[in-house]
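Asker: Just so you know, the sequences run in chain order A and B. Residue numbers for the first sequence, in UniProt numbering: 1 to 408. Residue numbers for the second sequence, in UniProt numbering: 1 to 83.
Among the hints, erroneous ones may be present.
Reference excerpt, derived from the structure (chain B facing chain A, CB under 8 Å, subset only) [claimed, not checked]:
(1) Asn-50
(2) Ile-51
(3) Asn-52
(4) Asn-55
These aren't lab readings, by the way, just hints derived from the structure by calculation. Quick reminder that beta carbons are idealized off the backbone N, C-alpha and C, glycines included.
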Amino acid sequence: MRRIVITGQGAICALGHNAADTWRAMTEGRSGIGPIGHIDTNLLRNNAAIAAEISDFEPRAFIEESRLPFLDPLSQYALVAANEAIRQSGLSFRNERASRTAVVVGVGVAGEETREGLYKKLYSEEIGRFHPLGIVRIMSNAPPSQISMAHGITGPTFTVASACASSNHAIAQAALMIRAGLVDAAVVGGAEACITLGLLRAWEAMRVLAPDTCRPFSANRRGLVLGEGAAMFVLETLESAQARGVTVLAELAGVGMSADAGDIAAPSDAGGAAAMRAALQDAGMQPQEIDYINAHGTGTVANDSTETRAIHQVFGEHARRLAVSSTKPMHGHALGAAGALELIATIGALRHGIVPPTLNYLGPDPACDLDYVPHEARAMPVRAAISNSFAFGGLNAVVAVRQAPAGS
Amino acid sequence: MSTQQEVFEIISKQAKIELDTIKPESTLKDLGVASLDAIEVIFDIEEHFNINLPNEDTDFENGTVGQLVQAVDRQLAQKSANG
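With the rest of the complex left out, here is chain B (with noise of 0.2 Å):
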């Protein structure tokens, strides 16, 4: 499974919303995800991954979902080069 299909699911879990319904080029806010929402959905994915994701890559009111997978690769990335 792609980093973005994992990351879409657990969004749509959280949210409690049609996983079809979300797009890269949609914010957590056009989803709903607002708030401690939005916070639970980021610690989710950072769950997931067992990643750290900085406060810059987690911009709630202006951010795609596209941009959050692509932070989330990022760190992948670092992850398997940091062995």
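Okay, chain A solo, but in the shape it has when bound (with noise of 0.2 Å):
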């Protein structure tokens, strides 16, 4: 079987422009969420006027002045994070490699601001005119087809869109295509531009938004806060990386996806324990193996404790041992680019030895009772670690990684 390997990241959130300073406020333990910035909050009820927000973000230092009106900011994301991991992993897609590399991005939604602005000038202002380029900005197809056509990349280009986790399913989708021989390298992630006054109500009338702030597995969790942003990787074949002399930042080990076929909304610890097993037994891998879980860790009640006792019934006494800890207090639950934005921490971990930190824990809840790195960042080394998404529909998907193998 085909190795796959990570060569290049990228990405862009509330901690951050760019990978090295995502990384960086992730083992520091900064919180990016903070009062919304960009929306009429009055409009939202329940005080939940929180969120991780992009900041200071200047388009035109990152991207063609040129391309700019086609881009919701979905789009911007995806295409920031896309090429800083191009430009790390050194790939250029001429000649074959342009047809034998794929775009796969998670995304939950779509161009949220785009479609609100529109529907708001017809419905509220009364105003019949939209700008032409709206539909090419909303689409959610729009960011992988970007990325094509900013790098030249011609082969199987789609989005993948699993709510939560979508990031996950679209490292899957990529990964599954490299085995199989139908490309050799991919583009890969999540994006998402989700902080619109649309959204935020929809979200708040299902009560999961923390009015205070995110808590994961922490006694008196009151909910997720929304985040936003995009992580994009270069995956390719460990023999293409080798022959490349390029350095490889972790191996991509497994993929492992399940359908709870149960609650629309309400998490099972089944649906999540079989993804994980599966993510595991794709990468040939024991439960001991695995030294680190960047868990779902919505702050959620439900979720929380369901993740805690799937993860007691995937690795049994192993599970005591093991760090676990859910980095969206810091880059928020950014949807569709949660399992992306996961996988730079957990990326990190393996590399620098670092688990980031849950942050706000205020105490142990019963029901979570595993060691979910409190508070700061912690030294330890982590040869393998997966990834947990966990979706709103009942939809799993779980990323393993482990060390890049030796000589790499």
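Got two chains here, separate frames each, mind docking them using the hints?
Answerer: This is the structure in structure tokens:
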């Protein structure tokens, strides 16, 4: 079987506009959550006017001016992250490489800022003239299309949508295409720009937004806090990376996917456990080989206790020896981009031997009894790790990674 | 009709259970109203009375429907005080 490695990464989120700044903030335990700046929060109820927003972002510094009219923030974020990842990998897409490379991007919603802007004009201002580029900004496949256009990548290119598991499902699709020999490389990750008034109101109505902050696995946790951004990776075969003599960040060892086939919103321990088991099996790894889990850890009462039970079911006695953390209190819950941003954390843990912390932990909840690395990052060797994403709709996707193979 | 009767009728309709099985000391969980069904019950109550129930007043695990009725009464009182 072809072994797949990660040779480039890029990110933009509330913690920074590149992967290095994002990772540094994660090791420092810095939170990007704060009062929402760019929408009128008077129209929100239940005072949940917080999110992990991207700030001080000047798209012109990253993207050519001529391209910008076509881009919702969703695609801007995707391009910023993809450009960084491709630059780091050193790959260029000339000749056959162009058609032998895939672009797969996880997107949970779509170009919401553009959509809401147009509909506001129509419904509330009754202005009938729409900007002609609305559709190409809104469409959920805009991010992979823009990446393919910017880099001349002509292989399989599409969006994967599974709400909060979109990134991990996207990574799985890209990995499976490489393994099948359909392509030799992929630009893959997730993007989301979901901090809009309409979406926030819809989340509020579900009563899952925390009014204070995001405190995963903690006593008195009160829900999730939305985030936004993108993270992208370059995947290629180990053989290709070795032939090119480039630095391998980590090996993408396995992927696992499952559906709860139960409730549309309430999570299932059996479903999450099935995806974790499938990822381990796919990677050919035993539970004992895993040192760190980057948890889905949204901070809702239901997710965190259910995920804890699922981890116990899969890891047995070893669950007590695992470091488990949720980085969502730092970058927020970025829905379709969540798994990709969390892979930045997971790769960082493998490469640097530092496990990012779970912030805002107030104390133990009896239903959450694992080692959540509260408050501060921990230096410890991490040989292999998994990153969990569990979506509304009962869709689960888990990615297993391990340290770069020796000599690569 | 009292607030309690109105709230209980909304719950019975949404949860498809007999009205007389709902007691003030029941929790929505006891009544088999969980997850999004519980959120929908709260939404129906808000729509019916034209009030907003803060998250603090909607503890589906431990809060009783009697407490929910009190929360509705508090919001109604506040609404009439605000004119």
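Asker: Checking against the hints above, which ones are violated?
Answerer: 1 and 2
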